[in-house]
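**Student:** Sequence:
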Amino acid sequence: KMNTDLPDPSSFQILETTLYTHEDGLLLLDQHLDRMRRSARVLSEKCYPNHRCFPVARVSPAAVESRLQSALANNSNQKQNQQQQKNGCQKGRARILLSSDGALDVQVVPIPTTSADTSPPLLVLDPQPTEGLRASPFVACKTTFRRIYDAAAARALAGCDYPDGSLVLLHNTAGRVTEAHIANVAVSKLVDGTMRLVTPPVSDGLLAGTMRNYLLETGQIVEGPVAVDDFRNAVANAWRVVCMNSVRGMFDVTPVAPAP
Numbered sequence: 008k009m010n011t012d013l014p015d016p017s018s019f020q021i022l023e024t025t026l027y028t029h030e031d032g033l034l035l036l037d038q039h040l041d042r043m044r045r046s047a048r049v050l051s052e053k054c055y056p057n058h059r060c061f062p063v064a065r066v067s068p069a070a071v072e073s074r075l076q077s078a079l080a081n082n083s084n085q086k087q088n089q090q091q092q093k094n095g096c097q098k099g100r101a102r103i104l105l106s107s108d109g110a111l112d113v114q115v116v117p118i119p120t121t122s123a124d125t126s127p128p129l130l131v132l133d134p135q136p137t138e139g140l141r142a143s144p145f146v147a148c149k150t151t152f153r154r155i156y157d158a159a160a161a162r163a164l165a166g167c168d169y170p171d172g173s174l175v176l177l178h179n180t181a182g183r184v185t186e187a188h189i190a191n192v193a194v195s196k197l198v199d200g201t202m203r204l205v206t207p208p209v210s211d212g213l214l215a216g217t218m219r220n221y222l223l224e225t226g227q228i229v230e231g232p233v234a235v236d237d238f239r240n241a242v243a244n245a246w247r248v249v250c251m252n253s254v255r256g257m258f259d260v261t262p263v264a265p266a267p
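Taking the working numbering, the leading residue of the sequence shown gets 8, the next gets one more, and so forth.
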């Protein structure tokens with residue numbers, strides 16, 4: 008039976024976000040489309056079995072490419088800056104969206120080539136654990152329905168003087184760190200006597216990020232449990248903590264653990 012807590016499938020879209028560059032196109036596109044198809048299968052079969060939603064017939068590299076070109080042309084037409092128009096979009100954050108009726112859309116938001124602030128963003132520990140992370144399809148599948156993440160961000164950042172661009176670190180009711188609200192995470196800890204960047208396992212309740220998978224496959228990070236205490240330990244010892252997603256790659260963050 009359908010869980011009555013689930014939003015109407017027409018009210019959200021399955022989402023993949025990745026880096027677009029003029030030279031290389033969309034980063035890890037095949038892996039993103041594989042995950043989009045998996046999300047569609049999970050949502051249509053397990054969450055909305057009576058709705059016949061999220062058909063994936065249009066989810067293909069060719070379809071994405073054609074919609075990408077339309078989005079870039081549209082962006083170019085809207086630009087006031089002649090230099091930008093001449094150069095086109097060199098780099099952007101691309102959003103690939105699949106609606107419940109199977110419609111596919113691609114949006115590109117240009118990323119400025121020079122950023123004023125290059126200091127690492129803060130990663131702030133959520134003051135309370137989030138229940139149901141391991142069971143939620145909206146954690147296992149990336150969608151535009153972000154209630155869990157928005158609630159964590161509101162709790163951790165509201166009323167605080169953290170700078171724009173700060174991230175929030177979620178953790179489950181078993182005392183395990185899971186992920187940041189817009190990225191996966193890896194925390195420095197000792198593994199068999201060697202300091203490694205350790206990313207939590209998907210079974211703890213997080214999105215299996217495409218960049219995370221790439222970094223695991225290339226041996227830049229390893230998978231293992233990361234307790235909230237491991238994160239506090241990294242803060243206390245100024246050990247490296249990183250986040251990762253397909254738009255920014257792997258990037259350093261400044262970990263912040265407010266007093267419990």
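Hints are not guaranteed to be accurate.
[Unchecked claim] Straight-line distance between alpha carbons at most 20 Å, and here's what the computed EDC-like set of lysine to aspartate or glutamate pairs gives:
1. K53 / D37
2. K149 / D108
3. K149 / E52
4. K98 / D108
5. K149 / D12
6. K149 / E30
7. K98 / D168
[What the hints assert, rightly or not] Pair by pair, the computed Cβ-Cβ distance ranges are:
8. A215 / T28: 16 to 26 Å
9. R45 / P232: 42 to 52 Å
10. L197 / A64: 46 to 56 Å
11. S143 / G166: 41 to 51 Å
12. S17 / G166: 29 to 39 Å
13. G182 / E224: 25 to 35 Å
14. A234 / S83: 13 to 23 Å
15. T180 / R153: 15 to 25 Å
16. D31 / S83: 27 to 37 Å
Just so you know, the hints here were simulated from the structure itself, not pulled from any lab data.
All residues carry an ideal CB built from backbone N, CA and C; glycine is no exception.
**Student:** Mind checking the alpha carbons of K149 and E30 for me, to see if they're no more than 20 Å apart?
**Tutor:** violated (27 Å)
**Student:** Is 25 to 35 Å a correct range for the gap between the Cβ atoms of G182 and E224?
**Tutor:** holds (28 Å)
**Student:** How does the Cβ-Cβ distance of A234 and S83 compare with 13 to 23 Å: does it lie in that range?
**Tutor:** Once the Cβ atoms are compared, 48 Å apart, the range 13 to 23 Å for S83 and A234 is violated.
**Student:** Take a look at whether the Cβ-Cβ distance between D31 and S83 falls inside 27 to 37 Å.
**Tutor:** Violated, since D31 and S83 (Cβ atoms, about 19 Å apart) do not stay within the stated range.
**Student:** Is the distance from the Cβ of S143 to the Cβ of G166 consistent with 41 to 51 Å?
**Tutor:** violated (26 Å)
**Student:** Sort out whether D37 lies within 20 Å of K53, counting only the CA atoms.
**Tutor:** Given that 20 Å is the threshold and the Cα spacing comes to 24 Å, the pair is violated.
**Student:** Hey, K98 versus D108, does the alpha-carbon distance stay inside 20 Å?
**Tutor:** Violated. K98 to D108 sits at ~30 Å, over the 20 Å cutoff.
**Student:** Given the range 16 to 26 Å, decide if the beta-carbon distance of A215 to T28 lies inside it.
**Tutor:** holds (24 Å)
**Student:** Decide if the proposed pair is consistent with the structure: K149 and E52, CA atoms, cutoff 20 Å inclusive.
**Tutor:** Holds: K149 and E52 sit about 16 Å apart, inside 20 Å.
**Student:** Should the hint that S17 and G166 are 29 to 39 Å apart at their CB atoms be regarded as holding?
**Tutor:** holds (34 Å)
**Student:** A range of 15 to 25 Å was offered for this pair. Does it hold for the Cβ distance of T180 and R153?
**Tutor:** Since the Cβ atoms of T180 and R153 sit about 20 Å apart, the hinted range of 15 to 25 Å holds.
**Student:** Starting from K149, check that the Cα of D108 is at most 20 Å away, please.
**Tutor:** holds (17 Å)
The structure is inconsistent with the numbered hints 1, 4, 6, 7, 9, 11, 14 and 16, although it conforms to all the rest.
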